[in-house]
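The whole structure should be built from the sequences, with the hints applied where relevant.
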Amino acid sequence: MNRKQAISTIVKEVGNNPIISANGFISRDLYEICDRNQNFYMIGSMGLASSIGLGVALKNPKIKVFVFDGDGNILMNLGSLTTIGSLQPKNLIHIIFDNNSHESTGGQPTHSNKIKLSRIGKSVNYKVFNIVSKKELISNFKKIINHKGPVMIVVKVNKSKKVSKRVEIEPKKIVERFTNSLKIHSS
Amino acid sequence: MKEKIQRDIFDYFSKNGIENFIGVPDSTMKYFIEQGLEQKKILITTKEEEAIGIGAGFCISKSPTIIFMQNAGFGNSISTITSLIQLYEIPLIFLIGWRGYKKNDAPEHLGFGKIQNQLLKILDIPFKIMSENEWKSICDWSLHNLHKNNSCALIIKREHE
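Those sequence lines, one after another, are chains A and B.
Residues in the first sequence are numbered consecutively from 6, following our numbering.
Residues in the second sequence are numbered consecutively from 5, following our numbering.
In short, the hints are calculated from the structure, not lab data.
Since this is a predicted model, take the numbers as computed values, not measurements.
Built from N, CA and C at the ideal position, the CB exists for glycine as well.
Check each hint, because a few of them may be wrong.
[As the list claims (entries may be wrong)] Partial list, derived from the structure: chain B residues whose beta carbon lies under 10 Å from chain A:
1. P29
2. F62
3. I94
Written as structure tokens, this is what we have:
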């Protein structure tokens with residue numbers, strides 16, 4: 006399964022809940038597959054999707070908040086895992102698409118295959134799930150996201166040859182849409 | 005800055021709509037942070053960029069936020085400020101400890117202490133230096149900026165002899 010297939014499968018189960026997506030191909034894939042007001046495309050500030058997601062989750066405890074992260078992204082902000090693990094937001098679902106590479110910058114390797122992200126997640130008090138195939142993703146995802154968070158799902162994906170288009174919405178507009186969607190969702 | 009004024013500044017912000025105080029501590033604002041910790045209103049992060057990320061999440065959930073840090077941490081945060089805070093026009097108040105303000109600070113602070121205000125200017129972040137006599141009007145100035153959807157910075161000097 007490549008990342009785009011994984012994202013397509015997951016967004017079908019996310020409903021109206023907010024998604025904070027990491028910069029690079031993850032945001033681009035999400036934008037191409039399913040642009041919606043509840044998507045916060047983080048186009049810069051690599052590493053911080055999980056931190057932004059934590060902020061949104063803490064302020065909207067009744068809404069399930071999804072973070073679409075990458076291995077390169079989370080390795081850049083491992084401290085975020087310790088903060089999330091300490092604060093235990095019950096409504097945070099942290100999905101890490103692990104392709105063992107910085108695909109957006111040309112496919113250079115990360116160290117994710119030499120360490121165990123899932124073990125790090127466990128040791129900082131996440132509930133951790135590993136997904137390695139589309140079949141597993143389809144049959145388990147619904148059940149997994151019903152667990153009390155913080156939940157970490159490490160989804161192993163392959164690199165793909167196709168590149169999605171850039172996010173074309175003005176950043177200010179992304180915020181406006183997203184903030185309004187939270188208001189509607191929580192009212 | 006005197007202990008009582010630091011504690012008063014915290015309470016003033018807290019009473020005037022600031023709901024979140026996040027960051028990495030600095031000795032210049034020890035009592036400000038202590039006041040917040042006593043009220044369980046402080047979130048300490050692993051680094052400054054993380055604090056800004058969480059603050060952005062709060063802010064896009066319509067919850068006003070102050071990010072506190074040492075100036076070294078402000079240096080760490082520059083690209084996050086340009087590519088997240090300024091790009092998305094997310095308003096935050098930065099409270100920055102001015103280490104290396106005087107030459108008697110530890111040597112590791114002197115380099116950044118010298119360029120801090122120039123960097124704020126280059127980044128186009130309006131800032132004011134906290135003073136014991138006018139702290140209230142300076143806090144009001146920052147709150148006014150926040151309400152107008154603008155980020156700004158407040159500087160606390162390290163003044164020990």
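Consistency of the hints with the structure:
Restraint check, P29(B) versus chain A: the minimum CB separation of about 15 Å is more than 10 Å; hint violated. Proximity of F62(B) to chain A holds as hinted, the smallest CB-CB distance being about 4 Å (cut-off 10 Å). The closest approach between the C-beta of I94(B) and any C-beta of chain A is roughly 7 Å, which is under the 10 Å cut-off, so the hint is satisfied.
Checked against the numbered hints given earlier, the structure breaks only hint 1 and satisfies all the rest.
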